Structures are given as structure tokens and as C-alpha cells.
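All chains should be modelled from the sequences, with the hints used to inform the complete structure.
Number of protein chains: 2
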Amino acid sequence: MGYFLVIRDRHGLTQVVLESTEELNNAEILESVPLESVISVSGTVRERVDGQHNEKMATGHIELHADALRILNCSTPKLPFEVHEKKKVKETLRMEYRYLDLRHSILQRNLQVRSDFCFKAREFLCKNNGFVDVETPALFRKTPGGAREFIVPTHSPGKFYTLPQSPQQFKQLLMVGGIDRYMQIAKCFRDEGAKADRQPEFTQIDLEMSFVKQEQIQELTEQLLKHCWPESLPAIKTPFPRMKYGDAMKRYGSDKPDTRFKMKASTLSLIKLLHQIYVIPIILAIKFRCRPAIVCAKGERFARRRARHDRRGYRKTLCPWRLLALFPSSSADGSWQGSLADQLGEDCVSQVTQYMWLEPGDLLVIAAGEHIPTCSLLGKLRLSIADEMESKGHNVRGDDNRMNFLWVVDFPLFLPKEDGSEGLESAHHPFTAPHPDDLELVHKQPENARSQHYDLVLNGQEVGGGSIRIHDSNIQSYILQCVLKVDSEPLSHLLEALKYGCPPHGGIALGLDRLMAIMMGSKSIREVIAFPKNSEGKDAMAQAPSAVPQEDLDYYNVQCKQPPKTAS
Amino acid sequence: MGYFLVIRDRHGLTQVVLESTEELNNAEILESVPLESVISVSGTVRERVDGQHNEKMATGHIELHADALRILNCSTPKLPFEVHEKKKVKETLRMEYRYLDLRHSILQRNLQVRSDFCFKAREFLCKNNGFVDVETPALFRKTPGGAREFIVPTHSPGKFYTLPQSPQQFKQLLMVGGIDRYMQIAKCFRDEGAKADRQPEFTQIDLEMSFVKQEQIQELTEQLLKHCWPESLPAIKTPFPRMKYGDAMKRYGSDKPDTRFKMKASTLSLIKLLHQIYVIPIILAIKFRCRPAIVCAKGERFARRRARHDRRGYRKTLCPWRLLALFPSSSADGSWQGSLADQLGEDCVSQVTQYMWLEPGDLLVIAAGEHIPTCSLLGKLRLSIADEMESKGHNVRGDDNRMNFLWVVDFPLFLPKEDGSEGLESAHHPFTAPHPDDLELVHKQPENARSQHYDLVLNGQEVGGGSIRIHDSNIQSYILQCVLKVDSEPLSHLLEALKYGCPPHGGIALGLDRLMAIMMGSKSIREVIAFPKNSEGKDAMAQAPSAVPQEDLDYYNVQCKQPPKTAS
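Heads up: the protein sequence lines correspond to chains A and B, in order.
Each residue of the first sequence is one higher than the last, beginning at 1 in full-length UniProt numbering.
Each residue of the second sequence is one higher than the last, beginning at 1 in full-length UniProt numbering.
Among the clues, some could well be false.
Intra- or inter-copy, both count: the list cannot distinguish identical chains.
Derived DMTMM-like pairs (lysine to aspartate or glutamate); straight-line CA-CA distance at most 20 angstroms [claimed, not checked]: (1) K226 <-> E440; (2) K142 <-> D554; (3) K499 <-> D487; (4) K86 <-> E231; (5) K213 <-> E82.
Read the hints as simulated data drawn from the structure, not as lab findings.
None of the values given here were measured: they were computed from a predicted structure.
Set out below in C-alpha cells:
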């Protein structure tokens, strides 16, 4: 008669058997040792006797017959939660006791896979492809544009470092400096306030090359991902499909389309079987010329309420557009329901029904308005209906291992300012080179110039972005001063550097946290980061950020303002 | 008749020959292209004709016969300095134009070697030894003790992140979390103000293991360094010698002895030939029992003025001790000169001369006072005399490739407070475990307890430090509260974590910048960092730190104090 216990280490669970009298005495002591205590066991690994095999356990065929057992460190008996119950425990509690949560097999696996991935990335880039892994500073100066940057006061009154959003400037300066292939797995900082699933610090696989074309960076990135992809997951296929920004907006209403559910009319029958959703960049012949429509096959029963609700919501916020939901043929006599149905003649109904392969129970949503915002509206609705369907148990996007990579290319170089004021701002950043065919447009019609920017999209999320950069000091100055009309003084070192023979160059940065989360099928990037902040930017375990002593503030010549009394 | 030019890329210099008429036309254009411009050349690589080989050039046996040449980006004709003149150019100017300085072969090589070193470190640890490369946060909270930490204001009034001095707490929390082998090449931050050859941000190879003993960490570190050491340098020999802290102080007057120049009396004759310096932990029989002495063989002519000067300096700052310089036998009649010489009887002189193998022209310095400070004083003098000799062209420390690694062990766990106030402070940090034989002393005579800390020293500089940590919550609390008498609230998360079954663990951190600098024979760590700050913590190229707009200060609820009017 033996005494059984299960021990856990980084590699998993193992069953231990105590048999000898001495060890059975130990067993009595063990009874009083709380869960999560640390013990040392040595003994002999033996195959379990027939009938005792546990197929659910990786080590279910063996057990350890102990001949020595020592208690190294007892846990407190009162645990905030049991490790294996992770999924049932609220995230706030798990974050507070992150060190316990880390013992769960999912986090152990995620951190191991992330480590392996990073190693292979360096192997591919540095060992196999001649890249130099260069560390760039975390203490820098304010960069114009982009996200809000954290500031770091210094002992020099009024002087602040900032924490960089990315090593963009440094990697370009390295190109000037003759390091013609640079890589870094870089920590970046953005203060975007409280946003779900964003972190104030995050990591990117950053690379830059001299004498390179867009296609070479894309191919290298594909090979990189292929090299790094975990063997435990299905291999990814390269090359990834390419889609122009304009097409992505037209077809998916998004510059990061989730291509796991299709939208081509020609694949409708298959998709309908899967209860999937598709968007058609249809040109409706009659009243709705050039106005995009979304069709949700068999979507009526999932989406009627949701669509109506969203419609009100969207209409409220996006006032000038019209969003019309139509429910074709739900009465099975070919007639349509919905706010616009009455106004359409029979011819129109039949034409649209045919053109869009509509069937009873389908949902047709038509939106009218300015092209890009209307596309975006339908794009959001498309995702929202897919979520609704999935929440009701319908598998719209396929299994977790499905990895739909996509390059989105031919972005505009500039966009109207997001705050609505007059003028243009960079669609990405001011160092992006114009498309070689659009160089003249930069001077004449900058709003129509395309860039050499490319985004890498995975399952509808942006996981990377890069571009060919401007290597000519004059063009860079012109864009900063004449197009963007920004003060170029904070960038004077870069403008100066471009004067000393900067090679043509380009690169890309991959968002490691998001890539890992999608790869591992995690709902949140917090599941692939050892010590994440919560959605408010707080470390719930160590209580960061926190107050600092007055003497530190004095040393750094800053003082805290009183919070406004009306603030919550 | 051809036209010759030399092109440079990351791999070095290559000679190009233009021969065809068309290319010779290009040559005319090339005449007007400034140095440091970027060109593209394609052609055929051929061996140079006999007599044209250049043995000083790596590519001196070949040349490129161009058949196409294109100017990609012209440099401005007025360079702040020519790249190859690096050594003649002031560092302030090189820092301002760092991107030009980076083109020099020394910096190209240093960054490449650093990249290779880091790759091999990960290969050794992660690929070969099961370590997990885990990123820990850069935004954390204030840690008690240690160096000054940079603070980062947040949008929450009065709440600050701090930039961590090291991932110490996180790596211990990872041990609690069951990641039993952790590594990271980690960026760390210390605000130590303006100190020569320190950087506000620096990098360490950081590792931690569960279920480990001091000797295992040391052996692993030795194997790691052996694995990573560049093939272009002489291989290093392991195991590294070990020396107890007490012996290091007694023999070298330093806890990081430069063992490249010896001190053993028994090897004196050899050392004298090399004009080297040695320290003897001599017990002078007569007046100077237990008082350390330093002897500089043939040191008189280098050191007489220096020693006197230093003596005054040291005496001023380290008042209660006596520093006596004696110049034995400089008059060749066996008599001594110097302030104490008259007081010594003939017997004493002859005894000491014999015991210390003194010869005409040697310098003998004796210092008396409290043991440790006296040792330190002589230790500093020893280095200062060596510097003096080297500045006069004498090779004291051997060639640049000489790598004297040394483990210093058995440090005290606590030291009297550095600021002179009553009480003890941690010799290293409060998480260091006591020596297993000294556990009782921690309670009874903490000032006499040894720690399980170990330092790795290379050529007289500390390049690493680590320890076995405290894994018992009670001992950790006792040390914080009863010995160090600090507020343990900021560490409550760590104390709490130790309660949930923390495995015994330990680790080490290697200072990568300094290790690289010594390895590459660089005078400064700035030569192994792509974009270093100057000794005042400034980025001379981009002018960081800099002012930030009022709206940023408002967002972060801080305001700048007026600098005191009397400040410079």
C-alpha cells in the first residue's frame, strides 16, 4: 500500500509514490504540508503497473518511487486561488498574485514559446542573415507626432528625457552609420492611457536594412516568421497574400482585414454553409450606385436586433451617413423587410437578390455616405456581427490555429488631420518614403500620393508595419516643413545626418506581444507577458505607479500639481 | 590606364578600378563627389597584378573592375571630421556626429562583436541549458536602497513609475512563479549623476536559477563566458581563481583586485624584471605589526613625486591614517630615505630589506590605521602608481588581450552605513542570503555575518555580481525590519510572494558594457555602445534631455521648479 502525491515543476506534473515505512512516516508529515509548498524528492522512475496508466497526463505512464523526500519551503495554507483553477479566477486577483498565476501551465508554455521565438528570430537574422543586434537608448528626447511619450525628469532643471515610442530614429541613424543590417528586440513605450489590451511598454522585433526594396523586406519577414514559428503549431504558408489599402477598405471596410471569413460572392455557397459573413464591394445598379453593402448569410436570426441596435449607435456618432438594414425574403415570398424595402421597386429587389445571391434569412445592410467612412462603418458592423454569431456558438473564424497573414500595401502617404483641423498629417510617420511613381504628387497633390509603407496583418489585427524611408535630406525637409508644416528643430540631428551620405534603406517592426497572443490563441496580450500592467497601466502586484518621496521630486526639480478638485 | 577609388562598406575597404571609356567619364563625375557619399558599383572581382598587392589591406589581393557605377546619395562636402581620423578627433565632436563615428572600423567591429556575444549568450543559456528568456518591466515602482532611480510621472496625480536599477525583484518573482531558469539581457537604469564612464542606462546579462548552489552559478558563468568569448581573441581559461573578500583587501587593498600585476614576495625577482608593482600583506616585525605595506619595485623614479602628492591628498581626505613613503637604498649604501627612515634602527632596515627583497631604487610605502581603510588607501595608491608608470611607457599590466578573471567571495552581509550614521546597511542588497554557517550571527552579531554573494572581477574591474537569495519570508522580514530597520512596505509584494512556496534560488548579473569594453581593449564603455550619453548624461547628437511642452507637464500633473538663482 503506497501513498501518492503529484508534484509539479516547469516541465509539468509527475506522480510520486511513497512505499517504505520511513517514507510513509513522511507521508504523515506531508498531510500537513500545504499545497504549493516546495519539496525535493529523489527516487526511481518506473513504469506504472497495467491499468494505472493515465492517458490524460504527459507523464501518465510512469511514476517516481521515492526514496528520499525533503520539504524545502512550506507555502502558507491559505491560497488566494488554486493554480489549476486559473480560468475560473478573476483576472484582477490573478494579476495581484501574478507569481502564483505564472505557475499555470498556460503561462509557463507561453513564456517558453516566446523565449524560443525570440531566440529563433535572432538566429535567423543575426546568425543566418548577417544582421547586427544593436541596443538603442531608452532615454531619448521628445519626437514630434505619434503617441504620447512618457517623460523622465533629470537633475538639470527643465530638462527631460522621454521614453521612445520606437527605435525609428536610431535605426535610421545606424543606416547612416554604416550598420547596413540592424535588428533589435526592442522595448517601446507609449502612453495611451487606459485602453483595453494595450500596455504602456511593449516589445517589437525591429529591423532595418540598407540598399533594400519593399519586396525584399516583405520576403525576409515571411522567411523570418516561417523560421520562428513553433513546431507545435501548423506551419505557415508563404508568400502571404498582398492587398492594396484601397481594396482592403472597399472589400473589408478596414485597413487590417480579418480574412478568415470570406466576402467573395463567388464563394458564397460554401460560406453560407459555415454560417459565415461576407462583404461585397457591390455596385448596386439603382439608387445605391457606388455605395458599399454588407451581406450576412443566414444572418437574420443572429443580427436583426444587433444590427438595429448598432445602426442607432452608429447613426448617432456618424451622423451624415445612412445605414439601412434590409431583411430579404424573410417572409419567403421574395419580398424584403426593412426601412428601405418599401421604396425599392420589384425589379430592383430581384436584381439585387440575384446579384448578391440572397437567400431567405440573409441580412443585407447597405450604407451610404463618403467612401472611406462608409466602408469603415460597414467594416465595424461586419466584425460586430461576427462577434455576435460567435458569442452564440457559431464558429465564424475557423479554428484557433488558423493564421491568415496579409500584407496591406499602397497606403496614402498623408491623411487629413485626425483632429479635423486643416492640413495633412503623416499616415504613418514623417520618415516614410513616397511611392516612386508619386514623387511629383508629393509636391503637387500630396493628399493623393501613395507611400512605400506596408502593414502586416494577422487575423484582422495589425502585427507589423514598415516602410522604405526617406534617405534624401531635401525631400525629408520639404515634407516636414512644406507638407506637414511642423517644427523640424527636434529632428535637426536626423536631417543633418541625412546630409552625410545616407544609403537608401527600409525596415519593419513586428509587434511581438500581439503576434504571440494571436499565435498562442490568447484572448489578451497579458497572457504572453510575464508581468503585465492592467488596462489602467497599473501593476496590481507591486502597486506601480506609486508615490515617491519629496526628496526625489526636489532632486528632479519637479513638483506635483494638486489634482483638480472636481476630478473623479 | 585606369582610375582607382576605394569604397567602404560594413565589411571593410575594397579597391575599385574604372577602365572603360564610359567608366572613365564617370570618373570625372566622381572627382566632384565628396567623400562619404554613397555609390553603387557592380563589376568583376579580379586578383591584382603582381606587385600591386597591398598586404596591409584585408582585400589587398583583389580589386573590383567596375562595369556599372551609380551615385546614390551625395554627402555634403564639408565633413566635421574624416572617419579614418577617429583617434585624432575630440570625443565631444565624435559624439555630436555619432553616425559618422559609427562608420569607423573600430565601432563597426565593437558592435558586431557585442551582437555575436549576446547571441552566443542566449545560445548557451536558452538553447543549450534550458533557460527561458523573459522580459521584465521597465516601468516599475521605487525600490528601497541602492542607486537613485529615475522617476516617470503618470497621468494619475502624484503617482510615478520608476525605471528599475535591475530586474532583481522580477527575477526572484519568476523563481516563485516556477520559471526555474531565467535569463535576460536587460536594460537597467541608475541615475548616478555625472560620473566618468558611467551611463544612466546600461545593460546586464541577467540570470537566475532555482535549486542551485553558489558554485554551480560560478561554474555556469565560467562556461557561459567561455562559450561566448570571441574566436578572434585568445581563449579564456576556467575555472577562474577564487579569492576571499578579506584576502583581496589584505593583499590588494581592493575588493576588485587587478591581478595582472602580482604581489607575492616569492615571485618578486621575475616581477622586478618587468618593472611591475606588488603588494605584500607583510607583517613587519617591529613597529609596524599588522600594518600593510606596498612596495613598488624600481618605483622610485616613477613614483616619488606622485606618491608624495597622493600622500597629501589622501591624508587630507582620510585624515586619521598615516601614510609613510620610504625610499630604501636609493643612496646605494643600504640606508633609507623618507619621513620614517630616521626612526628605524639598522636592524629593522636590514630585516625589512631582506623580508621584502628590497633593492636600490625600490619604493616602500607603509600605511597604518584601521585595517580596511588602510588597505583601501594602499590599494588606490598601488593603482595610481601603476597608471603613472604606464603613462611613462612601462607596460605594467601586460598586453591588451590579458584577461585576469577572478571570483571574490565571502563578502560581509552587512557594512556600517556609508553616510556614517549608526546602524548597518546591506553590503550588496537586502535579498542576499547569509552564509549557511553564519545564520546565527545574523541574529547575534550581524556585522560579522558573511553572505553568499560573489563578485566576478576582470582586470581589476567588477564585471558581475550575484548571490544566493533569501527564499524564506521570515528571514527576509527579519533582515529588513530588525537588522536594516527599513520600511518594508514597498517590498510587501515580495515578502508576500515568498510565503507561497518559493524555491531556494540564486543568480548573477554581468555588466555587459564594461565586459565588452575590457574585452575589446576600449578605454571607455562609450566605445562599445551605439549611442552613448556623455559623462553628463547627455546625448550630444540629439540634445537629450531637452525641454518638453507645458501641455505635457500639465498632462502629467507636474511642474518644473525654478532652478535656484545661484546655480550655475
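Structure-based check of each hint:
In this assembly of identical chains, K226 and E440 lie within 20 angstroms of each other by CA distance neither inside one copy nor across copies; the values are 38 angstroms within and 57 angstroms between. Taking identical chains as interchangeable, the C-alpha atoms of K142 and D554 lie at most 20 angstroms apart only when they sit on different chains, with a minimum of 16 angstroms there against 23 angstroms within one chain. For a Cα distance limit of 20 angstroms, the shortest separation of K499 from D487 inside one copy, 19 angstroms, qualifies, whereas the shortest one across copies, 55 angstroms, does not. For a Cα distance limit of 20 angstroms, the shortest separation of K86 from E231 qualifies neither inside one copy, at 26 angstroms, nor across copies, at 48 angstroms.
In this homomeric assembly, K213 and E82 never come within 20 angstroms of each other (Cα to Cα): the closest approach is 53 angstroms inside a single copy and 30 angstroms across copies.
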